[in-house]
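The residues making up each chain are set out below.
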Amino acid sequence: MTEREFELSRRDLLRYAAQGAALVGTGSLADLSRRRTARSSATTAASPRVKRGGTLQAGLSGGSSSDTLDPQNWVNLVDGARVYSLFNPLVDFDLDAHPVLSLADELEASSDAMKWTIRVKPDIEFHNGKTLSADDVLFTFQRIVSPKTPALGAISLKALDIAHAKKIDKYTIQIPCLTPFSPLADILASYDFFVVPVGFDLKHPIGTGPFKYESFTAGQQSTFVKNKNYWESGLPYIDRLVISDLPDEVSQVNGLGGGTLDVIDLLSADSIAPVRSGGNNVIITKGGGYTPFTMRVDQPPFNDVRVRQAFRLICDRNAMLRTVFSGNGKVGNDVFGLWDAAYDSALPQREQDIEQAKSLLTKAGHTHLSVTLVTSAIGSGTVQVAQVLKQQAAQAGVTVNLKEVTSSEFFGPNYLSWTFAQDYWNYYPYFSNVLQGTLAGAPFNECHTNNAAYTSLYKKAVATLDEHKRAEIAHEMQQMEYSGTASGYIIPYFNPVIDGYASRVHGVTSSKTGLPLGAYGFKSMWLS
Amino acid sequence: MGDHPHAGAPQSADTGLGAARLSDPADGGREGGRYQPMFAGAGARRRAYARAHPIVSLVAGRTGQGIITLFLVSLVVFAATQLLPGNAARAILGFSATPQRIRALELELGLNRGWWSQYWGWLSGLPVGRLGASLANSEPVWRLVEPRLLNSAVLVAVSGVTGSVLGIALGAVAALRHGSLLDNSMTVGALAVLAVPEFVVAIGVVILFSTVVFHLFPGVSLLTPGENILQAPRLLVLPALSLTIVTIPYVYRMTRAATLEALESPYVEMARLKGVPRWRVLVQHALPNALPPTIQVVGLTFLRLAGGIVLVEEVFDFPGIGQGLVNAVTDRDIPVIQFIVVVLAAFYVVVNITTDVLALLLSPRRRIPT
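Just so you know, the sequences run in chain order A and B.
Counting in my numbering, the first sequence tops out at residue 529, every number present.
Counting in my numbering, the second sequence tops out at residue 374, every number present.
In isolation and in its complexed conformation, chain B is listed as follows (with noise of 0.2 angstroms):
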């Protein structure tokens, strides 16, 4: 699912290297066209912009590009839904599906109506929050959606933190070591998970704790429906676990690339030519350096997360919007699909906005508006 929400900002962080660079203080001029704003093509505009702080246009810019990129990806996923085989009266009815029966469904589902009328009857009540009813058991779309978003945001949150907090330090640990045996058996061992698909990692992960050698935690996140994920939070550990456990990997590679750049840049050979202590070159020179790129992995994580959760979600039959998208997907439950693609879609934008503007704040030459 991931993929149609991504291709809306490519600019930001599209790959792990192409954020690298973005910081590399000796080439902090290549890129700066990114941050011009996207009508500059009207001469008037462009002066305003001008002489706007650099951040404020690039939010503004930002926000003006990510509404477009949610209407087309709603349009999209609309246009998809339509092209997909059945619809939802057909997988509703499943083998009871006489012509009959059917017919009387889709009739009571307004699915009878040209797809322009349901898109536009869609997209109309999405501003003023009417998002209306789920196709497959007309409850409204909020009521299905809401719990399941607090899940997900809450399993994310904790992986992406956990995952980032983790990476991060051990990135910085094994650039330190660089060479050393620490740093070969993580640097293999990160590679290692990487070449494992998520669900893999979580069926290990259920083998470990659950069924097979220690009986620690549950194997399947049941939540009583009414409950949050918060109210229960034994059913969280082991679906955060193995999503932490593939975030790692990245993270660490990231940091531990952008660390060793910043150690062997002219600025702390210089450091350490005037005899600064090992630790001072890495916290005061090193790491503020490395920061930006790894911001910029972290956000690229939490967008790989969004996507992510869709499978560790099934294994666990964890109850959030992942499970909620393929059951949706499904029952061609046309409402539920859009919002929540809208609403990860969403996601992105905002994940990418803020690293973005991080990234920047955190990059002096880029501060001082041009």
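Looking at chain A on its own, in the form it has when it is part of the complex (with noise of 0.2 angstroms):
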């Protein structure tokens, strides 16, 4: 395999990136079917000049002891890893962060988006060699929402009423709705909702992903080997696939310098020239992911709009990209779902702007304004880029006390209660995100947000099935969000995400969505 050779395969990565782009305006449900094709025809198409075998050494930051491999109740992003390549959701992003059919063929809803229709790929083999049926999925969908232990999943998907599921025939399940509900592939694809056979028992993580389990120590490592029989053909490249928690980023980047690893993920972008300089490859992603500053819309000062609107003009977000992550990610404006085709990129950047900043302070009677915001090594760069603000905030005469709490203090009872703090957040399409986080009773609502003009939006908008329709209403939403009159984010920036891999492995991509390494894409790594 030469150099040459690999620029190829990466310049087919590139094409079918484009083609699963092109697709992406029409956005009927029927599209996500075509995109998938094609995404899995390029790949093949790059086949002949791959090596298959090897084993793969994948050390991934985080992971704890508390490591579960429970595809619907999986918590840190090794937990991620693992998930990722022992199970397939029924829809999943595309590298695009554009929600495909990954396990469905076909996703529809009745025409008062009251009823839905999910078939299955016909002949998907689980690990155990079980063909994969619509029992599957409906038990799926029942232990999500299992009354006794729900997963994080089933607050998404409150408006269905899996109780009332049913099968319709070998591979296709009908589930009614509770009210109208449009947007399920968002929900679908947004990483809680992998598929599991009936009867899943934890002990045996049986699924249909592109490698079957083999040994897993939590905290430490896991072992997975290929599946032979994977449903998408051709892949994955390598034998085996082993990976480490590593807690520490020095010992990742010390292990893929030694040559123990051969990818290692989520750097700060201080590692990059040490990757670099030891002959080894840095891959970064504009992701979708965020760490708002998130300010209590309901406790003073912040319950007065011309506050929050002054606290995101005290920001100088190039300058918080520059210092946290040397530039790279994308500035924010406020406004989250940035690859959703709802996201409104029309809305004006919002610059730093003190003298505004002040003036509103003013009128708003701080004049000398002083609040404490607590902040934690919770996200990547949440900690450099709270002192950032302190900084800019004394440009404007206010005074910003930071409170910095280990990260089980910020997840203890506090939690989604500080008047102002900071928190983190995956790519999430934008609905999915509003009825996660800014929904008056969402179960993430950091800033307490509850707007009935907002709330009606919202139902208006997940109650037609018309994307432009939906995605026009969505737009009202975030003029909302952005004037700050529903919301209490400040969103700086989306986070980069920077992975390193060794300079014989092929076939490493990069995703939207912000999950690194491609979404953790090992099924399409192979190895010189």
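These are computed hints drawn from the structure, not numbers from a lab.
Each hint should be verified, as a subset may be incorrect.
[Unchecked claim] For each label pair, taking beta carbons as the anchor points, the in silico distance ranges come out as:
id : chain 1 : residue 1 : chain 2 : residue 2 : range
1  : A       : S216      : B       : N116      : 32 to 38 angstroms
2  : B       : V204      : A       : V199      : 50 to 56 angstroms
3  : B       : V204      : A       : G280      : 20 to 26 angstroms
4  : B       : V204      : A       : A454      : 53 to 59 angstroms
[Unchecked claim] Short derived list, chain B residues pointing at chain A, Cβ under 8 angstroms:
id : residue
5  : P89
6  : R94
7  : A95
8  : S100
9  : E110
10 : A140
11 : G223
12 : E318
13 : F320
14 : A332
On a predicted model such as this, the values are computed, not experimentally measured, just so you know.
Just so you know, even glycine gets a beta-carbon here, dropped at the ideal spot from N, CA and C.
Put the complex together from the two separate chains, hints included.
This is the structure we're talking about:
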């Protein structure tokens, strides 16, 4: 395998990424499967040059003794890497972070968005040889909404009446809705909806994914082997996948430099130079995940919208990005859902405006405002960006007292009720994020937003199947977030994702979701 | 972490200087009180102990103290875990910690019980070897900690023995060549290494032998679970080398000081005046007298290593108890924290007793029952 051939296969990757992008605008559900097909055929086209076999050693950031392989209850990102390797969801994100059909062959709503029909692809095998059927899909949904131990995804499915879901034929189920709900594809792609077989037992984590379980020790390492009967033909290329937990970035970089590790993820900007100087590669992704400042809209001083606006104007977002990520990443505009077709990129970019901020604060009666910002190393760069905010706020005469706490304290009893703090969000399609974050009563509503007009717009949007109309309503909602009336977020930037890989590793991709290593696309990696 | 257990055994050898003084033959009587039984107040017992051989009374007394120390350590550490913000349920759920999920998990893990009930549950199981299960992943504590214990024991033993042997040899050589260029440069070098934190030494070792200069050994010690470090000795090299490097200067400095002191003592002067050859003076007269303080130093070194492995294990991602303890604290995994701390504290107690017994056996004056 020469360098030139590798370039060719990389170009192939870019090409099929572009094919995916070309189909985005139309956005009907039938397109979802076309996009998936486009991606698979490109993968097959690249295969003759590919070398098969070998063991890939992945040294991934984070993990702990409470690591789990439960595909519906995973928490840390090393869990995510394992779950993505063992299981498939019904709908997945492609590399551009657009939902595409994965195990599902068809996803169709009734015209009033009150009933969903889900059909899975035929002839997909679980690791134990059993064929995926409608029963497994039903079981998966029931497991997620189980009244005794509801999984994280249960929150997003509350519009669906899972209890009355029924099997139509061998591969098809039908789920009635309690209230009209159109953005189901967005939800099902959102990380928590991996399909498990009937009677799933965590001790034998059987899925349909590209790799089969061999061993797993929480907080340390897992070994998976190639699933020879994987449904995406030709994949995966490697025979074995070893994923090790590496809580320390120094040991990740050392492991890559010393040849023990093949791929490492979620590095800080400081590691770019050492990885490159060791003869290894760095891949930087503009992801859609973000670490917002969260201002509680129901508590002073942030219950005054002018104060929220002033804080947003205090931020020099480019300077923040430069300080924290050496300029990698994408400047934010206080609106989330970056890669969603419904994201309003026409909103003017908010720039720092100290004078305007001062005048807003004066009008709100806060000439010498002093606030406490609770910060913690809960996401990459959170503490650094809080320090930058403190300095920038001083320019406007605002005192920001930093209170740095450990992550256990941050997620302690005050989590989701700090007056002024930060949080970490993966990329979610717009309505999926609204449902979890900004809607009144949403489970992760850190800012305690409760805006009746915003809620009624949301209800109107999820009741329509017309994507253009839905996007129009989304823009209205985003306008309310942008102006600060229905949002307490400052989204200074969308976090970049910095991964490293050895020169012998090929097929490393990059996913705009912000999940590292192309959303843990180990199946497309191969070793020379 | 090393502070808690250490506090329980301060009388043995809390500073290198104290240890050196201990064996000074001219000063033998001064610390005689050290070996009095701890319950000296009870008259009958005093007589019983007084008749016993000093070593027996030493071991008996120290073991009793040690058990009390272990109990107090476990209580203090348990109290500390209760004071830490957050608990295991919150640590496990992280940012997915909604109030409902927290409540369900707290109930499942038994965290809703009072702290006394939780502590008693743990303590009552300890004597019968019922160590409980990890809160983080429900595995039995022993099964989680045992492989780590072995790995750390190997790491401490290898670096402690290598570091001590090299430190003693270099220290003796430096004392013999007192004031020479060799002595001076080794002493300065030792001071320089002492001034560098352990993890910086570890990173330096990685740069030199793994990532930048040479590519000889792995820079991370990723052990396949189920395997122990003896089955993958290559992974042991760099962590052990790092710890050896930080160990040598301590042993070196203490051996050098003790040997110098012995070499300058009246009996050595006497031997020299009699015309005994230089090497025989060193081997037969000076070294045996320098040995007891050196043993105290070696003991201290092992104790230091037991605390020092935490940082080095972190740098190398070495699957030992140091890393296990850090993980357990992050996860608020109380049964695992408690067990590792008790094991470390027990190690302190045992090493202290052993060094004292050895020092006693090697000091002729102290072997005689008083």
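We went through each hint and held it up to the structure:
no., hint, in the structure
1, A/S216 with B/N116: 32 to 38 angstroms, "34 angstroms, holds"
2, B/V204 with A/V199: 50 to 56 angstroms, "55 angstroms, holds"
3, B/V204 with A/G280: 20 to 26 angstroms, "24 angstroms, holds"
4, B/V204 with A/A454: 53 to 59 angstroms, "58 angstroms, holds"
5, P89, "4 angstroms, holds"
6, R94, "5 angstroms, holds"
7, A95, "5 angstroms, holds"
8, S100, "5 angstroms, holds"
9, E110, "11 angstroms, violated"
10, A140, "4 angstroms, holds"
11, G223, "4 angstroms, holds"
12, E318, "6 angstroms, holds"
13, F320, "6 angstroms, holds"
14, A332, "7 angstroms, holds"
Checked against the numbered hints given earlier, this structure breaks only hint 9.
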